[in-house]
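Undergrad: Listed below are the residues making up each chain.
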Amino acid sequence: MAKITMTVNGRQVSGVCEDRTLLVHFIRENLGLTGTHVGCDTSQCGACVVHMDGQSVKSCSILAAQAAGSSVITIEGLAQNGELHPVQAAFKAHHGLQCGFCTPGMVMTAVDMIQRHGSALDEATVRAELEGNICRCTGYHNIVKAILAAAHEMGGARQAAE
Amino acid sequence: MYQTNYHRAASIQEAVQMMGAATEGKYLSGGMTLIPTMRLRLAAPSDLVDLRRIAELKGIAVDGRSVRIGAATTHEEVATSSALRAICPSICGLAGHIGDPAVRHMGTIGGSIANNDPAADYPAAMLALDAVIVTDRREIKAAAFFTGLFETALEEGEIITAVRFDAPAKAAYQKFPNPASRYAMAGVFVARRDNGDVRVGVTGAGSSGVFRHPGLEAALSANWSPDAVANVTVDASDLLTDLHASAAYRANLVRVMTKRAVAAA
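These protein sequences, in sequence, are chains A and B. No gaps in the numbering here: position 160 of the first sequence is 160 in the UniProt record's numbering, and each next residue is one more. No gaps in the numbering here: position 164 of the second sequence is 164 in the UniProt record's numbering, and each next residue is one more.
Worth flagging that the hints you see were computed from the coordinates, not collected in a lab. Accuracy of the hints is not assured; some may be wrong.
Not close to chain A: a few residues of chain B, all C-beta gaps over 10 Å, as computed [what the hints assert, rightly or not]: (1) Ala-21; (2) Asp-117; (3) Ile-140; (4) Ala-153; (5) Ala-169; (6) Arg-260.
If you only want the chain B side, here are some residues facing chain A, beta carbon under 8 Å, derived [to be verified]: (7) Met-1; (8) Asn-5; (9) Gly-31; (10) Asp-50; (11) Val-103.
Heads up, the beta-carbon is just placed ideally off N, CA and C, and yes, glycines get one too.
With the hints as constraints, model all of the structure from the sequences given.
TA: Now the structure itself:
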């Protein structure tokens, strides 16, 4: 057993877990943040995507111990002051989901994608970058629309702020 | 996953000590292969020694045409390195098509090479670029490093610290990904030197893992053009057959990927 300390959604948290505990289980079971999902259990589906030190990672393929000392953002950490993050709002506006199981991972992947590409993001890039996120309901069209709309809006917001 | 003991090393020396104290330890880098393998209970190391935070294993250094990539450099860092892109864009393109973005944020070049998966991308590049694999003990030419399926020349406890190579005049990598797993069913890295020498590294297809193809190299050394490989025979008897593709199909893919790579270089 190990005592793990990390920053999750801006708050320092600690928990005791086995060395073999996966980050996703630490987040869900030790911290009670169940927005991060376990989907395929084979590291392909992306339902478990969170950000670690500013980058998207699959929390089902990382040990909690590996993440000790890191800063982790989960889906619960996106909305600020009761306002949905622009990517969450765009998924809602464009109906980028049906059952919603893959949505937390999709949103976290989308936020990372927009951080790296900005408003220059195009449809081909979005589709290529969704390689590691599987949705079995939507056929992806509305997910892609939502991400492009959010990238556009966030790019516009950045320009307005400058 | 079976029980394991996690250790985080701050230096190469400390990692070696931790491994020495373990009964059946394994080095852990990005873990993008090792952790899923442990979850499937196909691997059960008593101890994991995490190399990911060792500063001396990180970073890309470019000096003229010489390249040194630290073993713990992620695929994302290789894919987006502007210094590397300026002299050897083919290696950036290869790294940018491994797995998916989240995997590329964790997976490392050292981990990929040490694992030597027969469908991994980097080993083909290491052979074609005539790279040197640097470890904490010695330097090993890529040609002597990859010894079979998931087998390398690494000894017990030896750590890859970096890879070194000189950027070629022209190079490119093309792969035919499996539609489901996205691992290469055949991937070909071609590299041409200023003196006209050509090396061709093939991954995903060989029944003993990554290999160079002398016939393709001779044809391309004589005539650097996609058409030059049209009449080269790729012997299917040394290639993999599985439910995804027969050896004969892979033999054809090797030729087609070589053509595409030369056209893209």
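Undergrad: Identify every previously stated hint that the structure contradicts and give their numbers, smallest first.
TA: none
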